[in-house]
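Engineer: Each protein sequence line maps, in turn, to chains Y and E.
Here the first sequence is numbered in our numbering, starting from 425 and rising by one per residue.
Here the second sequence is numbered in our numbering, starting from 5 and rising by one per residue.
Hints are computed from structural coordinates only; laboratory data are not their basis.
The structure presented is a predicted model; accordingly, all values stated were derived computationally and were not measured.
Be a bit skeptical, because a hint or two may be false.
Here are the in silico distance ranges between beta carbons for each label pair [as the list claims (entries may be wrong)]: (1) Asn98/E / Asn639/Y: 41 to 49 Å; (2) Ser13/E / Leu580/Y: 26 to 34 Å; (3) Leu43/E / Lys637/Y: 43 to 51 Å; (4) Val259/E / Lys637/Y: 58 to 66 Å; (5) Gly97/E / Arg591/Y: 55 to 63 Å; (6) Lys435/Y / Phe76/E: 37 to 45 Å; (7) Gly240/E / Arg621/Y: 45 to 53 Å; (8) Leu65/E / Phe691/Y: 19 to 27 Å; (9) Lys516/Y / Thr103/E: 31 to 39 Å; (10) Leu193/E / Leu457/Y: 22 to 30 Å; (11) Gln63/E / Phe691/Y: 16 to 24 Å.
Computed list of lysine to aspartate or glutamate pairs in EDC-like fashion (alpha-carbon distance at most 20 Å, straight line) [claimed, not checked]: (12) Lys102/E / Asp623/Y; (13) Lys186/E / Glu174/E; (14) Lys435/Y / Asp179/E; (15) Lys186/E / Asp170/E; (16) Lys465/Y / Asp486/Y; (17) Lys273/E / Asp170/E.
Glycine included, each C-beta is placed from N, C-alpha and C at the ideal position.
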Amino acid sequence: MMLSRVAGLMKRLQLGRRAVIALPLVWLTLFFLLPFGLVLKISLSESVIAIPPYGPLVEYADQTLQVFLNLGNYLFLLSDSLYVAAYWGSIKTAFISTAVCLLIGYPMAYAMARAPVRWQLILLLLVMLPSWTSFLIRVYAWMGILSNSGLINNLLMGLGVIDSPLRMMNTQFAVVIGIVYAYLPFMVLPLYAHLTRLDNSLLEAAADLGSRKLNTFLMVTLPLSMGGIVAGSMLVFIPAVGEFVIPELLGGPNTLMIGKVLWEEFFLNRDWPVASALAMVMLLLLLIPIVLFHRYQSRELEK
Amino acid sequence: MSSARRRPSFTTVMLVLGLLFLYLPMVVLVVYSFNASRLVTVWAGFSTQWYVELFRDKQILAAVWTSLEIAFFSASMAVCLGTVAAFVMTRYGNFRGKTALSSMVTAPLVMPEVITGLSLLLLFVQMAQLIGWPADRGMVTIWIAHTTFCSAYVAVVVAARLREVDSSIEEAAMDLGSPPVKTFFFVTLPVISPALAAGWLLAFTLSLDDLVIASFVSGPGANTLPMVVFSSVRMGVSPKINALATLIILTVSLVTLLAWYFMRRSEAKRLTLLKQADNA
Numbered sequence: 425m426m427l428s429r430v431a432g433l434m435k436r437l438q439l440g441r442r443a444v445i446a447l448p449l450v451w452l453t454l455f456f457l458l459p460f461g462l463v464l465k466i467s468l469s470e471s472v473i474a475i476p477p478y479g480p481l482v483e484y485a486d487q488t489l490q491v492f493l494n495l496g497n498y499l500f501l502l503s504d505s506l507y508v509a510a511y512w513g514s515i516k517t518a519f520i521s522t523a524v525c526l527l528i529g530y531p532m533a534y535a536m537a538r539a540p541v542r543w544q545l546i547l548l549l550l551v552m553l554p555s556w557t558s559f560l561i562r563v564y565a566w567m568g569i570l571s572n573s574g575l576i577n578n579l580l581m582g583l584g585v586i587d588s589p590l591r592m593m594n595t596q597f598a599v600v601i602g603i604v605y606a607y608l609p610f611m612v613l614p615l616y617a618h619l620t621r622l623d624n625s626l627l628e629a630a631a632d633l634g635s636r637k638l639n640t641f642l643m644v645t646l647p648l649s650m651g652g653i654v655a656g657s658m659l660v661f662i663p664a665v666g667e668f669v670i671p672e673l674l675g676g677p678n679t680l681m682i683g684k685v686l687w688e689e690f691f692l693n694r695d696w697p698v699a700s701a702l703a704m705v706m707l708l709l710l711l712i713p714i715v716l717f718h719r720y721q722s723r724e725l726e727k
Numbered sequence: 005m006s007s008a009r010r011r012p013s014f015t016t017v018m019l020v021l022g023l024l025f026l027y028l029p030m031v032v033l034v035v036y037s038f039n040a041s042r043l044v045t046v047w048a049g050f051s052t053q054w055y056v057e058l059f060r061d062k063q064i065l066a067a068v069w070t071s072l073e074i075a076f077f078s079a080s081m082a083v084c085l086g087t088v089a090a091f092v093m094t095r096y097g098n099f100r101g102k103t104a105l106s107s108m109v110t111a112p113l114v115m116p117e118v119i120t121g122l123s124l125l126l127l128f129v130q131m132a133q134l135i136g137w138p139a140d141r142g143m144v145t146i147w148i149a150h151t152t153f154c155s156a157y158v159a160v161v162v163a164a165r166l167r168e169v170d171s172s173i174e175e176a177a178m179d180l181g182s183p184p185v186k187t188f189f190f191v192t193l194p195v196i197s198p199a200l201a202a203g204w205l206l207a208f209t210l211s212l213d214d215l216v217i218a219s220f221v222s223g224p225g226a227n228t229l230p231m232v233v234f235s236s237v238r239m240g241v242s243p244k245i246n247a248l249a250t251l252i253i254l255t256v257s258l259v260t261l262l263a264w265y266f267m268r269r270s271e272a273k274r275l276t277l278l279k280q281a282d283n284a
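Isolated chain E (complex conformation) (with noise of 0.2 Å):
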């Protein structure tokens, strides 16, 4: 038994594999983003040009501004559709139209790229030639495209959390009187929180990296960040998007340390609160 331990399972050795394969890219990414040639594989010694280089492209930089700015609204507006969307699936029962509702939720998470910017595209036309409006296209079409397929990822972020906490609370407070509108903000709302920061962080990193359907919906005017790195990248490598992408790695690894961090000091005070209720 002890031997058998000892040699590592099939399974652990491919999941270490596996993790090697999703790692080993990015840190060739990060090795290269300090080097001194332009040649992004030889090696000629460390430097942070680049960086200096990147802070300088004000392309670049305009980008970043434009792309954080949609991604912000859309992450916010998603967050109130798609919690909307998750209540009325886990608490309403049957309704007409839930089918519908639900496979709308659900579609989205699959859909080609391709298919929803086109088709979006296609709306925008027509609704400007009937009513007029969008008369440009932009970062507001961009925004109502980024917060329709991000909501779908919100709500069943949200539905998964609705359904693990308990509806007896909320029927015991509208019990007691308090109207459905005051139950959900003072008692649904505070016990899904952790979800609705998820899914908003969801949202705005699904926002952040999309190219496919912002290009379809865009117009001249607006340019957001994987609309320039995808021009740039098409010409073939360069360290300046090496030095990007570090950064970009970088973020993503503090905030999810910060929420591993929060994750785990919830579930440790769970647990606490747990042990002293069975003292008591």
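Looking at chain Y on its own, in the form it has when it is part of the complex (with noise of 0.2 Å):
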């Protein structure tokens, strides 16, 4: 009697065990996982004038399965130069960002590790604060400072330094610093949580032991903090490859990058495989960042 209430209340504990995991697993899996499935299935169709504009992959009819896989979309991408020169640039563009990012966003999270415990608050909220406003309007401030008759130049020019306006809106130099900019508190974040973490014994340690400064910042501190500066770098490398608001906003014809150009397949072109075929190749080549990424967070997860 005993032993059955027991075992039915086990059965009732497992199903909701069950039911709990279930939740947020099924959420994901419908509304995450599932659409790439469908990206990829778009990918492999024809652009026909339809709504919604792309061709069958499987027919039926006159008792034939047809199963049409059409790979144009891909050659299509190696075959125009504009998109190996998009993927290029995003690339290119992305991973410059990431080194300043990291270059600016190391030493500010060192300095805020060895600040007084009564300051580091106030300064993890001041760095986060930007981030919480509007990364939109963030972006926009920069049109103005940047642009020919934007505060910069008309700074220069007031002063006598230059004749002419400097132009740095729409180049690389301007997506750069959105982008810089925009990521800045992303790189920091976790740096700091890492650095905050760091043994100060052991610096003493190596202090005592006789290391010079910049010998125990690489030999102790640096490797320390690796899974702080690999989470903010893919934290700013990975997301910043797909920009397209920095491009769009702060970059000319001659900063192509990849979100951009798949944003005007999509909304100007109305071409959905191949908007997807992009989509494809560029988490093809994010797999490997969002891999690392993915195993420092699960490691943060567990711990």
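These two chains come separately, so use the hints to put the complex back together.
Structural biologist: Listed below in structure tokens is the structure:
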């Protein structure tokens, strides 16, 4: 009697446990994983003028089942140098921006982690606050600063440093500034989290053993903060590769980036299959960075 | 030693410069929102006319309301889903699908928005063809999209808190006969509530801020604030947008200040409790 009640409870618990696991798993599978399968599917279909603007993959007529796998979209991406150039431009721009973020962000995070404890929360909030305002408006701010009649040019011309305005808007420089500005907090946050956990006694031990400051940094601090460097870099690099808003607002014809090309294929040309193929190739290029980030993040989650 | 201390170190200088880099453009935005001239770059005296114009702009006001509504419901749903995901990952040990779940929680954090937006739109189009829902894209489809990526952020925030909390209290409650559901609501939830609030706020700002995903999954009916701002900004700088930016910056600063005040107070309370425990 007692035993069966316990067994019944156990069964209910198992059921409850499964239901709790299923809730996020089903939602994310349906709205995050499954959609990628559909992108793959549409990337293999043919573009047609219809609503929605793509052809079927499977057709059943006259007792024959036909499966169409159209690789044309992928071949098209390879044949047109515009797309290759856009992928290359994206990766180059994202790489430069990530490097600049790291060079600025690392010393910032280091100073924050070394600051008096009562200052640390304030500094952390100060670094994060801009990212809670509006991404779009923060990029927009640079339009007023960098344009030909913008703040910097007005200032330099007013001081008589230059005669004609420097062309900064619609250049690679503007895009990199925009990305660094928008993503810097996401670089600082994981770096700070790692550096603040760093055991001070290790640094003291190194100093006691006669290690110089630079040496201690290279041999102790840097390797121990590697997890933060990887996480911060991936948090900047991966979204930057697919960035649309920044090249659209600050870039120009010479700053081809794949996120913008995909947007235009989709919204202007209404070529959904080519846009899907562009997304699949981008995903493939980003696979290794995403796996790297996932490995770091799941270690953080399970620690 | 003392002379070395008086000269600020390289990293401190970088921190100050970095903060200036982050805040100067925002200061510029705020200053030029009070400019009398339409040209954002020429100062022509103090004026609040752009705020008046902003509050007369029906399109922007309607978009603000739409965005707030979507953000409220997305954040609320994301807190439920994200908390469950975080609880499952930190408290359930190993189970089938754990790797899949943890991948699907971390991937949205870095996934380029154009990919997420495109893939969700294709899903909604296919669903409409197969089951006839959603017939129209608009607020509901944006809500689903925002809930999905926001719940990943919530899960990370809440999981961090759950790992800090000593799970032995939960075990004690269950040993005393409290069923798991009751234990969760009366023991776990109160301890992690600051993280839930932080997760909700983060999800709320993320949803309010999203342009790319919303543009993909929205229909003709629903225009969110970023969509309206973007179409205006594309045409060039406009002081009305500066006025809007100032109000956003002001709101976020006030909420952050409030959050800081509460965090500091709870920290102080914890310290006094620790001291009392020591004295006792």
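Engineer: Of all the hints given earlier, name the ones this structure violates by number, lowest first.
Structural biologist: 4, 12, 16
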